[in-house]
Amino acid sequence: MVANIKIPKTGKIGRFANNVKKETNSTVFQKVMEGIEEFESTTDKAKKAKWMQEAIKRLENTVGREKSINIMEKCGRECFNQHKWHKQQVMSKAMSIEEIVVKFSTRSFKLRIEDKNTIIAEYTRCLCHLVKQTEAPFPTNSYCHCSVGWWKQFFEYALKKPVEVELVHSIISGAKTCKFLIHI
3 MVANIKIPKT
13 GKIGRFANNV
23 KKETNSTVFQ
33 KVMEGIEEFE
43 STTDKAKKAK
53 WMQEAIKRLE
63 NTVGREKSIN
73 IMEKCGRECF
83 NQHKWHKQQV
93 MSKAMSIEEI
103 VVKFSTRSFK
113 LRIEDKNTII
123 AEYTRCLCHL
133 VKQTEAPFPT
143 NSYCHCSVGW
153 WKQFFEYALK
163 KPVEVELVHS
173 IISGAKTCKF
183 LIHI
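Start counting at 1 in the sequence shown, then tack on 2, and there's your number in my numbering.
It should be emphasised that the hints constitute simulated quantities derived from the structure, not laboratory data. Accuracy of the hints is not assured; some may be wrong.
Okay, the calculated beta carbon distance ranges per label pair [what the hints assert, rightly or not]:
# : residue 1 : residue 2 : range
1 : Gln90     : Ala138    : 31 to 41 Å
2 : Gly13     : Thr108    : 17 to 27 Å
3 : Gln84     : Ser28     : 22 to 32 Å
4 : Leu129    : Pro164    : 16 to 26 Å
Here a beta-carbon is modelled for each residue, glycine too, at the ideal position from N, C-alpha and C.
Construct all of the structure, not just a fragment, from the sequences and the given hints.
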């Protein structure tokens, strides 16, 4: 039972646990975190991904898809905030949208300008070390809203204004790429 074990406080799993705890009640928290001791005791990344897949199912079944998405977006925003080098890179100087797109496109993901109001972010591989080793597609894309939150925080920080981010599809849900539309 969750009450008898140490819940992770750091890293992606710590952010997940903390946000579930803050945004739900103790009954939901305990249900979602069932089996966390198995997650913590293994080094097998496929088993960790399977536990997270099941935790997301439990979360959605308990609080619904909308609240699950909200929780995952909060995880992503916190993830961005904990990686100070992202902030330093974004804020090293004032940058135009074009400069941001060039500077932050990497081997792992590409940014491109679709039109004056939309940037596309696309990954050719899952970038989340917590779930990228999944052996079966996630039945829902709620988990990937962590990246939605990350991109929101990134562009809101860079542009100093609210943005909307739309998840088009994700690798762990069975697509060939992860694709996001950033509406600026």
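Cross-check of the supplied hints:
Checking the proposed 31 to 41 Å range against Gln90 and Ala138 shows it holds: the Cβ atoms sit about 38 Å from each other. Roughly 22 Å separates the CB atoms of Gly13 and Thr108, a value that falls within the hinted 17 to 27 Å. Here the CB-CB span from Gln84 to Ser28 is close to 25 Å, well matched to the stated 22 to 32 Å. For Leu129 paired with Pro164, a C-beta distance near 24 Å keeps the hint of 16 to 26 Å intact.
Of the numbered hints given earlier, the model fails none.
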